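Residue numbers (this note's numbering), protein chains in the order written: chain P, 45 to 123; chain L, 7 to 328.
Wrong hints could be hidden among the right ones.
Claimed, not checked - A few chain P residues that don't get close to chain L, going by computed Cβ distances all over 12 Å:
1. G86
2. T87
3. G102
What the hints assert, rightly or not - Where chain L lies over chain P, by a calculated footprint (3+ residues, C-beta under 8 Å):
4. 64–75
5. 89–101
6. 110–117
Said to hold, decoys possible - Here are the computed distance ranges between Cβ atoms for each label pair:
7. P:T106 - L:T203: 30 to 36 Å
8. P:L80 - L:P77: 54 to 60 Å
9. P:R90 - L:E264: 45 to 51 Å
10. P:K120 - L:S96: 52 to 58 Å
11. P:H92 - L:R324: 24 to 30 Å
12. L:V80 - P:H79: 24 to 30 Å
13. P:T87 - L:D107: 33 to 39 Å
14. L:D135 - P:T62: 46 to 52 Å
15. L:D135 - P:G77: 43 to 49 Å
16. L:G179 - P:V81: 21 to 27 Å
17. P:P118 - L:G199: 41 to 47 Å
18. P:P118 - L:Y104: 18 to 24 Å
Hints were generated in silico from the structure; no laboratory data involved. Please read all numbers here as calculations on a predicted model, not as lab measurements. For each residue, glycine too, the CB sits at the ideal point set by N, CA and C.
If you want the building blocks of each chain, they are given just below.
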Amino acid sequence: MSEPTTDTGADTGADSTTPDVIVCAGGPLLLRGDHLVCDEDGTPHRTHRPISALCRCGSSATKPWCDGTHKLIPDKQRP
Amino acid sequence: MPSSTHLPKPRGPLSEQALAALVGSGPFPDHLADVDTSQPDPEDAALTLWTLHELCYRGFAEVDDGREWEPGVVRLRRELEVELEARLRSRWPGPPAYDGDFADSFLAAMEEHDGPSLARYVQRDATVDDVLELLQARSLYHLKESDPVSWAVPRLPVGPRAGLMELQYDEYGGGRPDRLHARLFADGLASVGLDPTEGAYLDQTPLAVLEQNNAMSLFGLNRRLRGAALGHLAAFEATSSQPSRRMAQGMERLGMAEPMRSYYLEHVEADAVHEQLAARTICGALLEAEPELEADVWFGAFTCLDGEDRTAAHFLERWGDR
Chain P
45 MSEPTTDTGA
55 DTGADSTTPD
65 VIVCAGGPLL
75 LRGDHLVCDE
85 DGTPHRTHRP
95 ISALCRCGSS
105 ATKPWCDGTH
115 KLIPDKQRP
Chain L
7 MPSSTHLPKP
17 RGPLSEQALA
27 ALVGSGPFPD
37 HLADVDTSQP
47 DPEDAALTLW
57 TLHELCYRGF
67 AEVDDGREWE
77 PGVVRLRREL
87 EVELEARLRS
97 RWPGPPAYDG
107 DFADSFLAAM
117 EEHDGPSLAR
127 YVQRDATVDD
137 VLELLQARSL
147 YHLKESDPVS
157 WAVPRLPVGP
167 RAGLMELQYD
177 EYGGGRPDRL
187 HARLFADGLA
197 SVGLDPTEGA
207 YLDQTPLAVL
217 EQNNAMSLFG
227 LNRRLRGAAL
237 GHLAAFEATS
247 SQPSRRMAQG
257 MERLGMAEPM
267 RSYYLEHVEA
277 DAVHEQLAAR
287 TICGALLEAE
297 PELEADVWFG
307 AFTCLDGEDR
317 TAAHFLERWG
327 DR
């Protein structure tokens, strides 16, 4: 056993190399874990999967979640 | 629990002899008499290979579970896999050239693919009977949804292994059997009056669909093809979200039952997540650890897109002839 250090990543579940939030070029924002997401109208939405994709293009029909609609948007207008 | 899947009807001399040997009392023969397994009839070979692969999944009510690893069975399976892999590779134009990040380039390449679309047809033109026929064919995969790529899990380096399990946890319902995607599909089948038993529609499953399923099992069951298994997964996920919405819209247009539409609506949102994971934390992570597998990732992705194009062409031609 190594000495305990201040970086207790393995014990707390926080891992310095694994992001909790991933920004996808031209696509959504990935959120790892459980979150309560407040949309622009102030309505809260609880995540319900291990990882959720949050719409960044504004065109999803299932906002705040991504539904892949960003693919139908011209490249220059994508996030 | 004995398997509820029953053996299919043979489609030629190869499957006839192989199926008879599986239910026979003696050992599975090392060589089937009078059958050339190097150049078999494609449909006969595909059905035989599907049947031998199924021994690794749920098995058959009529077949002893011990047949799975019998030398004669493994030998024939391997001969048919060699022939299938050679055919799949002969269709593949090779990996594309690109600049920059793999995952972004991969997703862009999947967006550029423009094959015939069954989902568009279902959305606008299909009859209820067309959709039921398509669901019967799709059931061969969706009732074992995500299972073929699960074979790859212990064969991966740490990064993509964790990434794949994160995706699979969602596919398998996050610990809730009633949310397992294969179960959602079975519930959907029952809601539209179809039989949710695995293999119920095997006898009318066309060659193109058998081949799609065989390719996934080939990639999953052979460790050396782990790159192709993950590339196939990534292409599948990247071409699922929008088509799933069209499927749900077509079923709504036709007044089909809610559980079947729900299955597809679940995939609109789930696969918008999964396509990102598959390209980035799974295939991207694999190529960081094993960059030499990149060509296989593209090969698997091509096989997925090409297989779906062939299945779409089969049904659109069939329905267009009315």
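Hint by hint, work out which the structure violates, then give me just those numbers in ascending order. Checked against the structure, the hints that fail are numbers 9, 10, 11 and 12, while the rest are satisfied.
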